[in-house]
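Engineer: Here the protein sequences come in this chain order: A and B.
Per this note's numbering, the very first residue in the first sequence carries number 1; after that it's consecutive.
Per this note's numbering, the very first residue in the second sequence carries number 1001; after that it's consecutive.
Just so you know, the hints here were simulated from the structure itself, not pulled from any lab data.
Check each hint, because a few of them may be wrong.
Below, in silico cross-link-like pairs of lysine-lysine (DSSO-like), each with a Cα-Cα straight-line distance of 30 Å or less [said to hold, decoys possible]:
| hint | chain 1 | residue 1 | chain 2 | residue 2 |
| --- | --- | --- | --- | --- |
| 1 | A | Lys331 | A | Lys302 |
| 2 | A | Lys328 | A | Lys385 |
| 3 | A | Lys482 | B | Lys1007 |
| 4 | A | Lys437 | B | Lys1007 |
| 5 | A | Lys274 | A | Lys245 |
| 6 | A | Lys274 | A | Lys50 |
| 7 | A | Lys385 | A | Lys331 |
| 8 | B | Lys1004 | A | Lys437 |
| 9 | A | Lys437 | A | Lys384 |
| 10 | A | Lys49 | A | Lys531 |
| 11 | B | Lys1007 | A | Lys531 |
| 12 | A | Lys50 | A | Lys384 |
Distance ranges between label pairs, derived from CB positions [claimed, not checked]:
| hint | chain 1 | residue 1 | chain 2 | residue 2 | range |
| --- | --- | --- | --- | --- | --- |
| 13 | A | Asn128 | B | Val1003 | 52 to 62 Å |
| 14 | A | Asn277 | B | Val1045 | 42 to 52 Å |
| 15 | B | His1035 | A | Thr146 | 18 to 28 Å |
| 16 | A | Asp178 | B | Val1039 | 18 to 28 Å |
| 17 | A | His529 | B | Val1003 | 32 to 42 Å |
| 18 | B | Gln1016 | A | His396 | 35 to 45 Å |
| 19 | A | Asn283 | B | Val1045 | 47 to 57 Å |
| 20 | A | Ile289 | B | Ile1037 | 33 to 43 Å |
Think of the CB as a built atom: it goes at the ideal place given N, C-alpha and C, for glycine as much as any other residue.
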Amino acid sequence: MANPSAVCNGHLHHHHQKQNNLLKSGIYKKNGITKGMKKNGISNGTLYKKTFIEHFEQAPMYVAVLTFLGFGVGTVFGYLRDFMRAWGLEKRNVATEREQQKDFVPLYQDFENFYTRNLYMRIRDNWNRPICSVPGPQFDLMERVTDDYNWTFRFTGRTIKNVINMGSYNYLGFAETDVNALKTVTIELEKYGTGICSTRQEMGTLDKHVELEQLVAKFLGVEDAMVFGMGFATNSMNIPALVGKGCLILSDELNHTSLVLGARLSGATIRIFKHNNMQSLENLLRDAIIYGQPRSRRAWRKILILVEGIYSMEGSIVHLPEIVSLKKKYKAYLYLDEAHSIGAVGATGRGVVEYFGMSPDDVDVLMGTFTKSFGAAGGYIAGKKDLVDFLRTHSHSAVYATSMCPPVAEQIIRAMKCLMGLDGTTQGLQRVRQLGKNTRYFRRRLHEMGFIIYGNDDSPVVPLLLYMPGKIGAFARRMLEKNIGVVVVGFPATPITESRARFCVSAAHTREMLDTVLNALDELGDFLHLKYSRYSKSSHPELYEETRLED
Amino acid sequence: MDVKRVKDNIYWLYYQYLLITCSYVLEPWEQSMFHTITVTVFAMVVYTAYVFVPIHVRLALEFFSQIFGGQPESSV
């Protein structure tokens, strides 16, 4: 994409670009709207050390109309089928009550599951597909067929081999079965076994955990860290330990369920700000400080801002410099969930903090998971020593949940040592660089082909918009026929008009695999008519320069 | 070979219709029902247009030319 940097006053001025499609012609050479140019006399451009380009293009209006039409047809037929089921014209496959309990309070609310029963069931074969190999860049799939339109499945016994994996969060390619790579893990497995059978506070703290925590702290550049057995539980069990009643949580619109659950369990007041919108956040902060708690008007005990590094459904990266400057101005605390961004962004894979060139002391609570980039399971919370010591005694997960098992801890240790270069090779850095190259190549080719892609140019999560409900099933099935496995997402997880296919680029993907996928996408995009973008090279070839400065 | 291309084109158009109206996800008997209804409605629209539109357009043109022209029209 055209990327001009203006020279002004004799030094290079990098702007913060955001592409909107409010105008219809000649948009390429024009910079997007720079947000909030003057903030307290400081231009926004100086907060960002490199260009920050995000795309959230809107599709033409007819697409939204046709999407609603499609959902309308589905709803009408849903009502028809429900009517037939209620009057006994068709066999009922959902849970129903027994005859003797018909007059009791109903146990199963029929209408609530309307969408699941009538729309999701019809295309259910695209989800929960069992795989039978390691989820590396390619995997094997168990073949299954259905005789009654997805209500039940049966396995044919065959496996589909070497399906290209575009859905696993295997960003750095550490999900591998190479014997040499897993040597230390096998040693630890033979030494410790697999079970811990205790919680951290009783007998579940092993020397492996201490070693891992020190390594995580060193990796992130903070004082101390604590690891937990499950990534989801890290969020949902530790936020209640940090905030309680009388505190205020400001959480992003599109936060993950684990953050929402943790916030609700804590009992604090929750206010939502628009996704990545700093004006909205600042307004909420000002209101919180000016008006205080709702009835008593006392000051809030604590204000905690909950954001994620990379949002997995949008592919957007948090505006960290602006949030940190806001937090310092209004004296709030920041909780950063780097589940998808740790290992995946940043020059050496240390996450969004490094990506923006900031210091980890700016963020109060750094949280992340080992499930995505490290090929293991579990989560961590890192920060100042006081914070982590407090969590060791007060976290629900530390008191009640089993700790991480030793072979998994060893896998994380070896992956982290590889990333930091402590194993004597440059393999870690090569993986991070390969991921960056793959991401940029994949996104650039998809933009050129004319698909609508959301998110930041540097994020390895690539959502491709499908919009219409009929295309969700067609897309996933046809990609599987071409031996490519993709993840499609529809209504409850995304807004109703914006269903999408989400690709996760991995460092383990070779250029040939990406080219295979891109060619298949090109063909399928023409066949299913998915190329809605009005700003791509294919729709306006004369406006693109021929010289290109990147790889 | 042109016949094959035409057939492929028609199949592609039919497939687009299936995707857009979300009848791709319906079971076969539901699809038949939906196609019958759609074709019936479409046929009725075409018939109505064919019967009514030319006459009404001619009457409208006569009405407007009377207002703007105001000249006596020959009855040809």
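Engineer: Enumerate the violated hints, using their earlier numbering and listing them in ascending order.
Structural biologist: Hints 4, 8, 9, 10, 13, 16, 17, 18 and 20 contradicted; others consistent.
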